[in-house]
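Asks: Could you build all of it, start to finish, from the sequences and the hints given here?
Going by our numbering, the sequence shown opens with residue 8, and the numbers climb by one from there.
Hint data in this document are derived by calculation from the structure and do not stem from the laboratory. Mixed in with the good hints, there may be bad ones.
Below, a list of computed lysine to aspartate or glutamate pairs in the EDC-like style, where the Cα atoms sit at most 16 Å apart [as the list claims (entries may be wrong)]: (1) K131 to D197; (2) K78 to E54; (3) K172 to E149; (4) K172 to D197; (5) K131 to E98; (6) K78 to D106; (7) K266 to D295; (8) K85 to E55; (9) K86 to D106; (10) K78 to E23; (11) K266 to D197; (12) K266 to D246; (13) K86 to D58; (14) K70 to E128; (15) K78 to E55; (16) K40 to D13; (17) K85 to E54; (18) K278 to D246; (19) K86 to E54; (20) K44 to D13.
Restraint-style ranges between C-beta atoms, simulated for each label pair [stated by the list, open to error]: (21) Q65 to N191: 27 to 33 Å; (22) Y299 to H96: 43 to 49 Å; (23) N254 to K300: 18 to 24 Å; (24) P311 to T34: 36 to 42 Å; (25) H96 to K287: 35 to 41 Å; (26) M292 to H247: 24 to 30 Å; (27) N11 to K172: 33 to 39 Å; (28) K62 to T271: 51 to 57 Å; (29) V38 to T232: 54 to 60 Å; (30) K300 to P140: 48 to 54 Å; (31) E128 to K228: 28 to 34 Å; (32) R63 to P311: 37 to 43 Å; (33) T275 to I27: 55 to 61 Å; (34) G141 to Y21: 23 to 29 Å.
Please read all numbers here as calculations on a predicted model, not as lab measurements. Glycine included, each C-beta is placed from N, C-alpha and C at the ideal position.
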Amino acid sequence: LRKNQDIVSLNLAYNEITCIGFQNLITHLLVYKNINKLNVRNNNIMEEGIDYMCKRGQDLQIKSLQLSGNKFGVESSKKIALLLLKNSHLEYLDIAEVDQTISSLIYFTTIMRLDQSVYNETLKVLDISRPNPGCMYFFNAEQFADLVGHMLRYNTCLFALHLQKCGFSCHDIERMMLGAQYNNTLHFLDLGCNNVGDHGMHCLTNWLTKSKALHCLNLSKNIITDRGASYHFTKLITDHGIVSILNSLKKTPPIKILKIFGNTLGSTTAKIVQRMLFSKVLRQMNLDVKPYKVGGKWYCAQYPIDFSKEYFHNLCKF
8 LRKNQDIVSL NLAYNEITCI GFQNLITHLL VYKNINKLNV RNNNIMEEGI DYMCKRGQDL
68 QIKSLQLSGN KFGVESSKKI ALLLLKNSHL EYLDIAEVDQ TISSLIYFTT IMRLDQSVYN
128 ETLKVLDISR PNPGCMYFFN AEQFADLVGH MLRYNTCLFA LHLQKCGFSC HDIERMMLGA
188 QYNNTLHFLD LGCNNVGDHG MHCLTNWLTK SKALHCLNLS KNIITDRGAS YHFTKLITDH
248 GIVSILNSLK KTPPIKILKI FGNTLGSTTA KIVQRMLFSK VLRQMNLDVK PYKVGGKWYC
308 AQYPIDFSKE YFHNLCKF
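Replies: This is how it looks when you write it as structure tokens:
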């Protein structure tokens with residue numbers, strides 16, 4: 008790295024980097040300022056390595072830091088949250104699945120509120136998915152939903168928020184929307200792998216009709232049925248529900264990505280998709296199915312698109 012200072016992005020995910028190796032990386036980043044993206048997901052970085060980074064973190068000039076999958080726990084997560092008050096360079100922070108509890112998550116939801124005396128106003132992407140309170144503890148999803156709602160109400164800098172595997176139910180989404188309805192700047196909300204049902208979809212729909220900023224809403228692997236789909240996304244949705252979704256796209260701001268493969272897609276859905284592609288309401292590069300015709304009948308086949316989070320974060324470019 009010293010000999011190749013034209014490198015700006017470093018991906019070391021899924022290795023066996025320990026605290027000592029991570030400390031060496033941080034020392035290098037403090038001396039050489041060329042790297043602006045560091046990905047060390049799913050390594051063996053623990054409290055000692057995080058403490059070393061946080062003590063010197065105000066001088067780090069990286070814009071993207073991915074730490075997910077390193078089990079450094081609650082206290083280190085709190086220190087990372089406090090680091091956001093001192094570091095104005097970081098724009099993308101991924102600390103999903105690091106064994107957080109509500110006691111550390113409240114640090115992040117508070118620090119990102121602009122109604123506090125001190126706050127962060129430079130972070131654009133935050134991933135705090137999959138908290139893990141431990142087998143003997145209970146995670147209060149309703150309380151966390153309240154905290155997220157208050158954060159979104161008083162935040163104007165977050166571009167994307169990832170909240171997968173938090174155990175949110177319909178009631179939790181309703182509580183979250185009480186504050187989130189006042190947010191006009193969030194572009195991407197990721198609620199995948201929760202327990203959101205039809206009533207939760209109804210609450211989200213009420214927000215979608217008012218929000219002009221939201222470009223992408225991920226509700227994959229929830230429990231929404233046709234009834235929820237008719238409000239305005241899983242294998243529980245049939246052809247009738249998909250048609251309701253497609254018809255609603257004409258009435259709302261243009262959607263950037265639509266993922267419907269895996270549901271019951273009939274000939275009616277395939278014909279509507281074909282028509283929307285022809286009229287450029289949808290773009291094939293942002294749609295995970297492709298219609299085709301056999302024997303006078305329309306069908307939908309899977310079409311590969313980029314599912315990476317980095318792609319979602321750049322939706323505004325399309």
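Asks: If I claimed the Cβ atoms of R63 and P311 lie 37 to 43 Å apart, would that claim hold in this structure?
Replies: holds, 42 Å
Asks: Could you see if the CB distance from T275 to I27 stays within 55 to 61 Å?
Replies: holds, 60 Å
Asks: Just tell me: holds or violated, for the beta carbon distance of E128 and K228 against 28 to 34 Å?
Replies: holds, 33 Å
Asks: 24 to 30 Å was suggested as the range; check whether the CB atoms of M292 and H247 agree with it.
Replies: Holds: the Cβ-Cβ distance is about 27 Å, inside 24 to 30 Å.
Asks: Between the alpha carbons of K78 and D106, is the straight-line distance 16 Å or under?
Replies: Since the Cα atoms of K78 and D106 sit roughly 6 Å apart, the hinted pair holds (cutoff 16 Å).
Asks: Are the Cα positions of K131 and E98 separated by 16 Å at most?
Replies: This hinted pair holds, its Cα atoms lying about 5 Å apart.
Asks: Does E55 sit within 16 Å of K78, going by the straight-line distance between their CA atoms?
Replies: holds, 12 Å
Asks: Does the hinted range 27 to 33 Å hold for Q65 and N191 at CB?
Replies: holds, 31 Å
Asks: Below or equal to 16 Å on CA atoms is what counts here, so check K85 against E55.
Replies: holds, 14 Å
Asks: Would the pair K86 and E54 pass a check requiring their Cα atoms to be no farther apart than 16 Å?
Replies: It holds: about 10 Å lies between the C-alpha atoms, which stays within 16 Å.
Asks: Check whether the Cα positions of K70 and E128 lie no farther apart than 16 Å.
Replies: holds, 14 Å
Asks: Do the alpha carbons of K131 and D197 lie within 16 Å of each other, as the hint requires?
Replies: holds, 14 Å
In the structure shown, no violation is registered for any of the earlier numbered hints.
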